[in-house]
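Student: Respectively, the protein sequence lines represent chains A and B.
When the letters of the first sequence are read in order and numbered with the working numbering, they come out as residues 1 to 459.
When the letters of the second sequence are read in order and numbered with the working numbering, they come out as residues 1 to 459.
Think of the hints as simulated: they come from the structure by calculation, not from any bench.
Some clues are possibly wrong.
For chains that are exact copies, the list does not tell them apart, and a pair is met inside one copy or across any two.
Claimed, not checked - Calculated cross-link-like contacts (lysine-lysine; reagent style BS3-like; alpha-carbon spacing at most 27 Å):
no.	residue 1	residue 2
1	Lys202	Lys318
2	Lys259	Lys288
3	Lys284	Lys433
4	Lys223	Lys202
5	Lys288	Lys410
6	Lys198	Lys128
7	Lys4	Lys94
8	Lys404	Lys376
9	Lys128	Lys58
10	Lys376	Lys30
11	Lys409	Lys284
12	Lys379	Lys226
For clarity, every value in this text was computed on a predicted model and none was experimentally measured.
Number of protein chains: 2
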Amino acid sequence: MTKKIPTRLYLSEDEIPRFWYNLRADMKEKPDPILHPGTLQPASAEDLEAVFCKEPVKQELNDTERLIPIPEGIREFYTAYRPAPLIRAYFLEKALGTPAEIYYKHEGTNTSGSHKLNSAAAQAFYAKEEGLASLTTETGAGQWGTAMSMAAGFYGLDLTVYMVKVSSEQKPYRKALMETYGARLIPSPSDTTEAGRKILEKDPNTGGSLGCAISEAVETAVKTAKCRYVLGSVLNHVLLHQSIIGQETKAALDRFDIKPDIIIGCAGGGSNLGGLIAPFMGEKLAGKSDIRFIAVEPASCPSFTRGRYAYDFGDTAKTTPLIRMYTLGSGFIPSANHAGGLRYHGMNSVLSKLYRGGFLEARAEVQTDVFDAAVKFAKIEGILPAPESSHAIKVAIDEALECKRTGEKKVILFGLTGTGYFDLSAYISYNAKTMGDHIPTDEELERGFATIPDIPQNK
Amino acid sequence: MTKKIPTRLYLSEDEIPRFWYNLRADMKEKPDPILHPGTLQPASAEDLEAVFCKEPVKQELNDTERLIPIPEGIREFYTAYRPAPLIRAYFLEKALGTPAEIYYKHEGTNTSGSHKLNSAAAQAFYAKEEGLASLTTETGAGQWGTAMSMAAGFYGLDLTVYMVKVSSEQKPYRKALMETYGARLIPSPSDTTEAGRKILEKDPNTGGSLGCAISEAVETAVKTAKCRYVLGSVLNHVLLHQSIIGQETKAALDRFDIKPDIIIGCAGGGSNLGGLIAPFMGEKLAGKSDIRFIAVEPASCPSFTRGRYAYDFGDTAKTTPLIRMYTLGSGFIPSANHAGGLRYHGMNSVLSKLYRGGFLEARAEVQTDVFDAAVKFAKIEGILPAPESSHAIKVAIDEALECKRTGEKKVILFGLTGTGYFDLSAYISYNAKTMGDHIPTDEELERGFATIPDIPQNK
Numbered sequence: 001m002t003k004k005i006p007t008r009l010y011l012s013e014d015e016i017p018r019f020w021y022n023l024r025a026d027m028k029e030k031p032d033p034i035l036h037p038g039t040l041q042p043a044s045a046e047d048l049e050a051v052f053c054k055e056p057v058k059q060e061l062n063d064t065e066r067l068i069p070i071p072e073g074i075r076e077f078y079t080a081y082r083p084a085p086l087i088r089a090y091f092l093e094k095a096l097g098t099p100a101e102i103y104y105k106h107e108g109t110n111t112s113g114s115h116k117l118n119s120a121a122a123q124a125f126y127a128k129e130e131g132l133a134s135l136t137t138e139t140g141a142g143q144w145g146t147a148m149s150m151a152a153g154f155y156g157l158d159l160t161v162y163m164v165k166v167s168s169e170q171k172p173y174r175k176a177l178m179e180t181y182g183a184r185l186i187p188s189p190s191d192t193t194e195a196g197r198k199i200l201e202k203d204p205n206t207g208g209s210l211g212c213a214i215s216e217a218v219e220t221a222v223k224t225a226k227c228r229y230v231l232g233s234v235l236n237h238v239l240l241h242q243s244i245i246g247q248e249t250k251a252a253l254d255r256f257d258i259k260p261d262i263i264i265g266c267a268g269g270g271s272n273l274g275g276l277i278a279p280f281m282g283e284k285l286a287g288k289s290d291i292r293f294i295a296v297e298p299a300s301c302p303s304f305t306r307g308r309y310a311y312d313f314g315d316t317a318k319t320t321p322l323i324r325m326y327t328l329g330s331g332f333i334p335s336a337n338h339a340g341g342l343r344y345h346g347m348n349s350v351l352s353k354l355y356r357g358g359f360l361e362a363r364a365e366v367q368t369d370v371f372d373a374a375v376k377f378a379k380i381e382g383i384l385p386a387p388e389s390s391h392a393i394k395v396a397i398d399e400a401l402e403c404k405r406t407g408e409k410k411v412i413l414f415g416l417t418g419t420g421y422f423d424l425s426a427y428i429s430y431n432a433k434t435m436g437d438h439i440p441t442d443e444e445l446e447r448g449f450a451t452i453p454d455i456p457q458n459k
Numbered sequence: 001m002t003k004k005i006p007t008r009l010y011l012s013e014d015e016i017p018r019f020w021y022n023l024r025a026d027m028k029e030k031p032d033p034i035l036h037p038g039t040l041q042p043a044s045a046e047d048l049e050a051v052f053c054k055e056p057v058k059q060e061l062n063d064t065e066r067l068i069p070i071p072e073g074i075r076e077f078y079t080a081y082r083p084a085p086l087i088r089a090y091f092l093e094k095a096l097g098t099p100a101e102i103y104y105k106h107e108g109t110n111t112s113g114s115h116k117l118n119s120a121a122a123q124a125f126y127a128k129e130e131g132l133a134s135l136t137t138e139t140g141a142g143q144w145g146t147a148m149s150m151a152a153g154f155y156g157l158d159l160t161v162y163m164v165k166v167s168s169e170q171k172p173y174r175k176a177l178m179e180t181y182g183a184r185l186i187p188s189p190s191d192t193t194e195a196g197r198k199i200l201e202k203d204p205n206t207g208g209s210l211g212c213a214i215s216e217a218v219e220t221a222v223k224t225a226k227c228r229y230v231l232g233s234v235l236n237h238v239l240l241h242q243s244i245i246g247q248e249t250k251a252a253l254d255r256f257d258i259k260p261d262i263i264i265g266c267a268g269g270g271s272n273l274g275g276l277i278a279p280f281m282g283e284k285l286a287g288k289s290d291i292r293f294i295a296v297e298p299a300s301c302p303s304f305t306r307g308r309y310a311y312d313f314g315d316t317a318k319t320t321p322l323i324r325m326y327t328l329g330s331g332f333i334p335s336a337n338h339a340g341g342l343r344y345h346g347m348n349s350v351l352s353k354l355y356r357g358g359f360l361e362a363r364a365e366v367q368t369d370v371f372d373a374a375v376k377f378a379k380i381e382g383i384l385p386a387p388e389s390s391h392a393i394k395v396a397i398d399e400a401l402e403c404k405r406t407g408e409k410k411v412i413l414f415g416l417t418g419t420g421y422f423d424l425s426a427y428i429s430y431n432a433k434t435m436g437d438h439i440p441t442d443e444e445l446e447r448g449f450a451t452i453p454d455i456p457q458n459k
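Work out the full structure: start from the sequences and follow the hints.
Tutor: Dropping the structure here:
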């Protein structure tokens, strides 16, 4: 049973990366600057610091330094669950009968169940260093809220989580998990904010949305002393923190001299995909490799494949700074879908720029196909994947089967962002064959696009 | 951050143990033989093979060979989730301010969420080798049923799981998980068996019990062609398979020359505890070490601390072979308790003999104290533990605090049998402060003892 490459390619604790990889430093064409929503001028650090913690704001605006040191206080937290295993999918390769080698980086081995903890740890650490007392955030599916609850608890910060009301009702266990770690949960929309009250007035029975929960969390952060807002995806500093995924993966692959041909990640706001590909894309931008990168999004929320490249708001109430990105419009309402983490109208600006530049491909997948792949993977590899991660699994299997057809021995790497242990209602619906997926009509997309701000930069 | 001992003491895949450790070979006084319930004579392999698979029966009766080879077909399955990490609890040590070193073996990193998969893999493998088509089993809390679903799915066997009715209603997600892996779930008692029908006749609204689910699973196995019954605890071959836990733990500790002073495990039927301590207890029995071993059981189901040492049945319908063990009587009904995996009336015969011989200590802990420890552990170490495992955590913390008082630098090792991801209703009840625990009165115990068979061997 001695294999040249083991099933798990572990790094030692000493090899937890000392630097995050800031991909923007490698880009000749940088992402466009974030705009202040009032002045429509590039937002300054000062503008952003009204909402976000100071160090993350610096990181948000830093597009020149490639390697940014990870503070020891964050690396210490990382030892609680990192390095994360990189797994050779021997069982899956055999079951598919493919000549391809398949690897996946498993980010679901921590209690929050996903990669979100990587940035939660960093943001909580910086908040504590800055002398803050509390943080606010929002959560939809619950991964980010759980991760923030764990991190805030660890560093001794109060945390208020606005949880999309329908999620909070459907996922009492997620709620319990966050509360066990000491967070205060508020179903959104709520009467604790103006943004919430305004929406409740219009529609008292609304189930809420991520965009609305963001508005409430931002409003509370701005109005509370020694409090800031933290976000789990979309922003550049979040992708920076998530580059620990790519840094570890690259170190483990390099040790065995393995060069991936294709790297695949699911994409909602882009944090996992951006983190996983960072150092590899750096090589590609430098002309040193020819890797294909594939972003996989749900067909119900197709920001890349059917969205527009434009400046847009991050929230429904249109209070956040403007980011130039692929977007469906902040007013776009994706159909119910079990991959809650991927139901966001916009996409990180770095990934958007790379997609626009042809460095990154994108595919949209239908929910039932994604769950076919998820259940296959669960049975063969023994790990029940998160619905989000299963988008990447679907495309990894497709690419491996394509290798079987052509006889090519490609090396396929994908990000397993998390486990599906808190998403079993999705599997119940799949097992009962009641799962569907609504692909938005052109008209529905147009209604979303109509909410993109009509500003000179979007002409 | 370079530590002498890393947070995670990993073995490499090549170091997955090649042998199980059969502790009975080291015992001068062997456990008493299993009796045929009809003849009251020692059960032969043939007797047992009517119910169980052949190779496990051989293992059940083998009390002379110390090292039993693990077939390659099982070791291959083990690579899907093993070696399991042994973790140095640096965060917990610091939080407690104890001079003790604390280690825990984390068996919850697989999708079934517990150590149960170790024996499920072995039993499914042997069933397939023997040419069987299907297996039956029962599950209470759901860990064993999930583990068997994964293993049966992997080796291509049909599996019917009788799930205690009240659990099946309270844990729809556990049920979904098992069904995703291809198992057929039947709430017990059911009308598919005589045992079930008899109980339903008496009490149509019963929520069922583990003892009754066992009766149904055994009956179905015996009446079905090419079908056998598998059990997840109590029996010696199950403890044998679980000795992989102890074998891996000892190999990892030996590498760093660490000698445990105290080893702690929760005990329901005894599979995790027996597996964890096997090679260490072997050394103690040989006079080569002076380790203290502590079994922790729930105060609501105190087989060791308040039970009787007697021959007893494994099931309510009194159909199984008789085992000499610490028991509360097969008719004992433990109060509702969230550590479903520990609510069993009897205890494995090897552990019972060792306890009787003074080689093993036992403690009973109250549920709320156990959850205090669980939540503390979750916040400090970042892993949400299973209610069962939290019994061991409680005592490990107590021992570490005792070291703080005395200034002793003891090495404490405990088994983290699994995660609490599917037990969040327990945490909800704890967070809401509605959790209680009923300690059985002497009268209630007497009612249980009255169901212990009145046979000559019990005089």
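Student: Work down the list of hints and note, for each, if the structure agrees.
Tutor: Okay, the hints, checked on the actual structure:
no., hint, in the structure
1, Lys202 - Lys318, "within (17 Å within a copy, 64 Å between copies)"
2, Lys259 - Lys288, "within (12 Å within a copy, 50 Å between copies)"
3, Lys284 - Lys433, "neither (42 Å within a copy, 55 Å between copies)"
4, Lys223 - Lys202, "within (23 Å within a copy, 63 Å between copies)"
5, Lys288 - Lys410, "within (18 Å within a copy, 53 Å between copies)"
6, Lys198 - Lys128, "neither (32 Å within a copy, 63 Å between copies)"
7, Lys4 - Lys94, "within (16 Å within a copy, 39 Å between copies)"
8, Lys404 - Lys376, "within (17 Å within a copy, 50 Å between copies)"
9, Lys128 - Lys58, "within (16 Å within a copy, 60 Å between copies)"
10, Lys376 - Lys30, "neither (40 Å within a copy, 46 Å between copies)"
11, Lys409 - Lys284, "within (20 Å within a copy, 53 Å between copies)"
12, Lys379 - Lys226, "between (48 Å within a copy, 23 Å between copies)"
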